[in-house]
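Under the numbering used here, the letters of the sequence shown match residues 404 to 671, in that order.
Think of the hints as simulated: they come from the structure by calculation, not from any bench. Every residue, glycine too, gets a C-beta built ideally from N, C-alpha and C. Certain hints may be false.
Each computed DSBU-like pair below joins lysine-lysine, with the alpha-carbon atoms no more than 30 Å apart [unchecked claim]: (1) Lys648 to Lys635; (2) Lys614 to Lys648; (3) Lys650 to Lys614; (4) Lys574 to Lys648; (5) Lys574 to Lys614; (6) Lys426 to Lys527; (7) Lys653 to Lys460; (8) Lys614 to Lys460; (9) Lys635 to Lys614; (10) Lys635 to Lys574; (11) Lys650 to Lys460; (12) Lys635 to Lys527; (13) Lys460 to Lys426; (14) Lys653 to Lys635; (15) Lys430 to Lys460; (16) Lys653 to Lys614; (17) Lys527 to Lys614; (18) Lys527 to Lys574; (19) Lys650 to Lys635; (20) Lys460 to Lys527.
Label pairs and their calculated CB-CB ranges [to be verified]: (21) Gln587 to Gln524: 46 to 54 Å; (22) Thr668 to Thr503: 18 to 26 Å; (23) Gly572 to Ile616: 16 to 24 Å; (24) Glu515 to Tyr602: 14 to 22 Å; (25) His417 to Arg604: 37 to 45 Å; (26) Thr525 to Pro412: 32 to 40 Å; (27) Met545 to Ile616: 28 to 36 Å; (28) Ala571 to Asp465: 21 to 29 Å; (29) Arg416 to Pro649: 20 to 28 Å; (30) Thr503 to Arg589: 18 to 26 Å; (31) Val490 to Pro593: 35 to 43 Å.
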Amino acid sequence: MTETDSRTPVRVRHNLGPARHLKVVSKHHLSPNMIRIVLGGDDLTGFTSMGFDDHVKVFFPDPVTGEIATPVLGPDGIRQMPEGQTVIARDYTPRAYDRTNNHLTLDFAVHEAGPATTWAQTAKVGDDLRVGGPRGSFVIPMAFDGYILIGDDTALPAIGRRLEELPAGAKAVVLVEVESEADQLRFDTPADVTIHWVYRREGQTLSEVLKTIHLPAGDCYAWVACESATAKALRTQLIRDHGIKPKWLKAAGYWRRGAVAAHDTIED
404 MTETDSRTPV
414 RVRHNLGPAR
424 HLKVVSKHHL
434 SPNMIRIVLG
444 GDDLTGFTSM
454 GFDDHVKVFF
464 PDPVTGEIAT
474 PVLGPDGIRQ
484 MPEGQTVIAR
494 DYTPRAYDRT
504 NNHLTLDFAV
514 HEAGPATTWA
524 QTAKVGDDLR
534 VGGPRGSFVI
544 PMAFDGYILI
554 GDDTALPAIG
564 RRLEELPAGA
574 KAVVLVEVES
584 EADQLRFDTP
594 ADVTIHWVYR
604 REGQTLSEVL
614 KTIHLPAGDC
624 YAWVACESAT
634 AKALRTQLIR
644 DHGIKPKWLK
654 AAGYWRRGAV
664 AAHDTIED
């Protein structure tokens, strides 16, 4: 296998069964604007998530009826919306999976009012939730000279998971936008990591700070996730100003200003 081949990301597809019926096991605030909720249940048996930025589909209760509607599998094998019910769903990163105890950890960034934020703020131990997926994984090899991770609050679960997975001595630079200094998180990682925090409350932007920092030398893999238009601009900046190779750069819009439940892949 050549060096180039060893650095090629791998896509893995998973069998997508019915949504898993889970319950809240624990809940606590990691910061003023980040809530960690641990879900448990026998339905988690066999859960698989191989990529640090995998996404599960989380189905929330209807605020009026309290019922949780999920897609159903039709006789033709195609998933269909249940008749007469409203499916309320959002994508979330599996922050951690404890196979021994069948516990799935999800971190919720608290922002403008919406079904996910409202649920996370009011959730109690024992509450029901449904989770589907992940549909697949995008696995990035541990074969690069350095790693660049850029995002806002919504990217923190994936960034935290990636830092924990990096091997000892791996070099990584992280650039994260949060509301204020109180929203900083601590990460346990064996890697050699430099974290730059960007504070919205102080008018800082990811693009401006990116211009001022030193990135790892050599061949680096860059990963970007934040508001869609911002992610697109940061992708261009990394390629144009920092020489990042497009094939070693993944950018995604985890949300889009003015849109509901958006998730965009940013490409040429």
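Hints, verified against the model:
no. : hint                         : result
1   : Lys648 to Lys635             : holds (15 Å)
2   : Lys614 to Lys648             : holds (18 Å)
3   : Lys650 to Lys614             : holds (22 Å)
4   : Lys574 to Lys648             : holds (18 Å)
5   : Lys574 to Lys614             : holds (19 Å)
6   : Lys426 to Lys527             : holds (9 Å)
7   : Lys653 to Lys460             : holds (21 Å)
8   : Lys614 to Lys460             : violated (35 Å)
9   : Lys635 to Lys614             : holds (16 Å)
10  : Lys635 to Lys574             : holds (24 Å)
11  : Lys650 to Lys460             : holds (27 Å)
12  : Lys635 to Lys527             : violated (37 Å)
13  : Lys460 to Lys426             : holds (15 Å)
14  : Lys653 to Lys635             : holds (10 Å)
15  : Lys430 to Lys460             : holds (19 Å)
16  : Lys653 to Lys614             : holds (19 Å)
17  : Lys527 to Lys614             : violated (43 Å)
18  : Lys527 to Lys574             : violated (39 Å)
19  : Lys650 to Lys635             : holds (15 Å)
20  : Lys460 to Lys527             : holds (20 Å)
21  : Gln587 to Gln524: 46 to 54 Å : violated (21 Å)
22  : Thr668 to Thr503: 18 to 26 Å : violated (34 Å)
23  : Gly572 to Ile616: 16 to 24 Å : holds (20 Å)
24  : Glu515 to Tyr602: 14 to 22 Å : holds (18 Å)
25  : His417 to Arg604: 37 to 45 Å : holds (39 Å)
26  : Thr525 to Pro412: 32 to 40 Å : holds (38 Å)
27  : Met545 to Ile616: 28 to 36 Å : violated (23 Å)
28  : Ala571 to Asp465: 21 to 29 Å : violated (47 Å)
29  : Arg416 to Pro649: 20 to 28 Å : holds (24 Å)
30  : Thr503 to Arg589: 18 to 26 Å : holds (24 Å)
31  : Val490 to Pro593: 35 to 43 Å : holds (41 Å)
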